[in-house]
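Let's have the full structure, built from the sequences with the hints guiding it.
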Amino acid sequence: MSAQIDIEAIDNNIKTMKKAAEELSQMGDDFPAIKRNTARILASIKMLEINVSDIIDL
Amino acid sequence: MMIQEQIYWNPVLETLPFEKIQSLQLKKFKKIFEWTYTHSKFHRSLYDKAGIKPEDIRSLDDVKHVPKVEKGDMRSIQGKDPYPYGDALCVPLEEVSEFRQTSGTTGQPVYQPDTWQDWEWWAECWSYILWAQGYRPRDRVFIPFGYNIFVAFWAGHYAAEKIGCEVVPGGVLDTQARILKIQELKATAMMGTPTYMLGMAETARNKMNIDPSSLTIDKITCAGEPGASIPGTKRRMETAWGAKVYDHAGATEIGAWSFECSEQPGGMHVNEALFLVEIEDVDTGEIILEAGRRGKMVITALDREAQPCVRFDSKDIIEWSTEPCSCGRTSRLIKGGVVGRADDITKVKGVLLAPSSIEEVVRDIDGLGDEYEVLVNKSGDTDQITLKVEMAPGVEGKQDDVKARLANQLRFKTNLRFDLEFHDFGSLPRYDVKARRFKDLRKKE
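Protein sequences, first through last, are from chains A and B.
Quick note on this note's numbering: the first sequence kicks off at 260 and runs consecutively.
Quick note on this note's numbering: the second sequence kicks off at 50 and runs consecutively.
Be aware that a few hints might be false.
Heads up, simulated DSS-like pairs for lysine-lysine below, C-alpha to C-alpha not over 27 Å straight-line [what the hints assert, rightly or not]:
1. B:K211 x B:K364
2. B:K364 x A:K278
3. A:K274 x B:K488
4. A:K277 x B:K211
5. A:K274 x B:K80
6. B:K77 x A:K278
7. B:K211 x A:K274
8. B:K364 x A:K274
9. A:K278 x B:K79
10. B:K437 x A:K274
11. B:K488 x A:K277
12. B:K437 x A:K277
13. B:K120 x B:K69
14. B:K211 x A:K294
15. A:K277 x B:K79
16. B:K80 x A:K278
17. A:K274 x B:K77
18. B:K76 x A:K277
19. A:K278 x B:K211
20. A:K277 x B:K80
The hints are simulated quantities; they were obtained by calculation from the structure and are not laboratory data.
This is the structure in structure tokens:
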């Protein structure tokens, strides 16, 4: 089952999303709607890491 | 393949070879242990006293050297700054977005802070559960539960949303209103304690003249009590509702760590990618690795950050199953679910008794109602154990047979002779959430 799924490609996309979200978060230091919504996005990205990224280097 | 046909919530983690699961557990244990050591004053002090540091964890075998934490430890540090969580809080107070507390069944409730990331994680744990039990975006999920300061069913609610189900919060409605709403909306799934699922069915039949199996519920997820893993109780719920009934296990300070899948394999999967479960011999403290030997669960939630759960002494009695599950998940099963709690098992007349074994007998005898009550008392130096049951409606003429079967099965399953009391149907106490049917009155002396 797992052989059919390109987890490295998924992980690369997760990393890209995380980088964008972190940059956005920094831009939101004086902008609560950006800062707090980005915090939620980062929590969701963490779930993607738990589901995929954490097993990349096993 | 359409996403609805996918049998796994995570087709990678849930089919990972077991050796890789263990590598993942080691990697994550090191990380959460270091996080906890670095951020929690309480844990750091505990670990320093034991002389163990994060770099000492090199294999899963090293984990057993990390001191356990009990509920009592958490009680003793709370109510202090950072208020009200005390020294186990690992994040700034302003990052805590959720408060819950334990139900206090075994004493003073324990407070549980969670960050939004922790809360996402709770829903993620539950998403594994619900997907494995057949919940899909087409489901309309009714939650007949008064949401409050306890964690119960909040995470189930959010996980059902995450999966894409439509969620109907049945919060403050009374039982009859909930049944009518299920009927009106044609809900397909619900969540509740076994006690309440049976109570709801009884209300529908006896007070509303509605056969619950004629409603559209086709799956029920149970929590809070062991009933859905007790065959007689599961059968009663499935018959009453005409639905598949699934068990899951979780706790406020741990997370939702275990679940029965749609194969109903006579046990529950431990979500081993997210939790490290160890089974400890109750007498010697030795870690039990082999299947078929019961012990006490010590558990680590591998991704929880605000108030970590590292080697928590849960007191749940479990055993590894000898058989893998036919569903294809590579995480191990615990046979028969959580079979008891170390602090529930009591000696009566010199015999060790788990209250769940009485439920197993009562619920397996047709002709008895769903409710029962057990009283343990002392007469002089002798323990007395009384079981109160109700005859189900429609057993007239067969009562002697029911009584004889009950007495025989109790003797067979528990090695004890009970004083039996038979009461009219509907006369024993009913419970809305968790039941307290086992009353050991000796402890008051």
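Against the structure, the hints come out as follows:
1. B:K211 x B:K364: violated, 31 Å
2. B:K364 x A:K278: It is violated: about 42 Å lies between the C-alpha atoms, which goes past 27 Å.
3. A:K274 x B:K488: The hint is violated at about 55 Å.
4. A:K277 x B:K211: Holds, at about 20 Å.
5. A:K274 x B:K80: holds, 19 Å
6. B:K77 x A:K278: With Cα atoms ~22 Å apart, B:K77 and A:K278 stay inside 27 Å; holds.
7. B:K211 x A:K274: Judged against 27 Å, a Cα distance of about 22 Å means the pair holds.
8. B:K364 x A:K274: It is violated: about 40 Å lies between the C-alpha atoms, which goes past 27 Å.
9. A:K278 x B:K79: holds, 25 Å
10. B:K437 x A:K274: violated, 61 Å
11. B:K488 x A:K277: violated, 53 Å
12. B:K437 x A:K277: Distance ~59 Å between B:K437 and A:K277 Cα, so the pair is violated.
13. B:K120 x B:K69: violated, 31 Å
14. B:K211 x A:K294: Status holds; Cα separation ~22 Å.
15. A:K277 x B:K79: holds, 23 Å
16. B:K80 x A:K278: Distance of about 21 Å is within 27 Å: holds.
17. A:K274 x B:K77: Roughly 19 Å separates the two Cα atoms, so the pair holds.
18. B:K76 x A:K277: Holds, because 21 Å separates the two Cα atoms, which is no more than 27 Å.
19. A:K278 x B:K211: holds, 24 Å
20. A:K277 x B:K80: It holds: about 20 Å lies between the C-alpha atoms, which stays within 27 Å.
Checked against the numbered hints given earlier, the structure breaks hints 1, 2, 3, 8, 10, 11, 12, 13 and satisfies all the rest.
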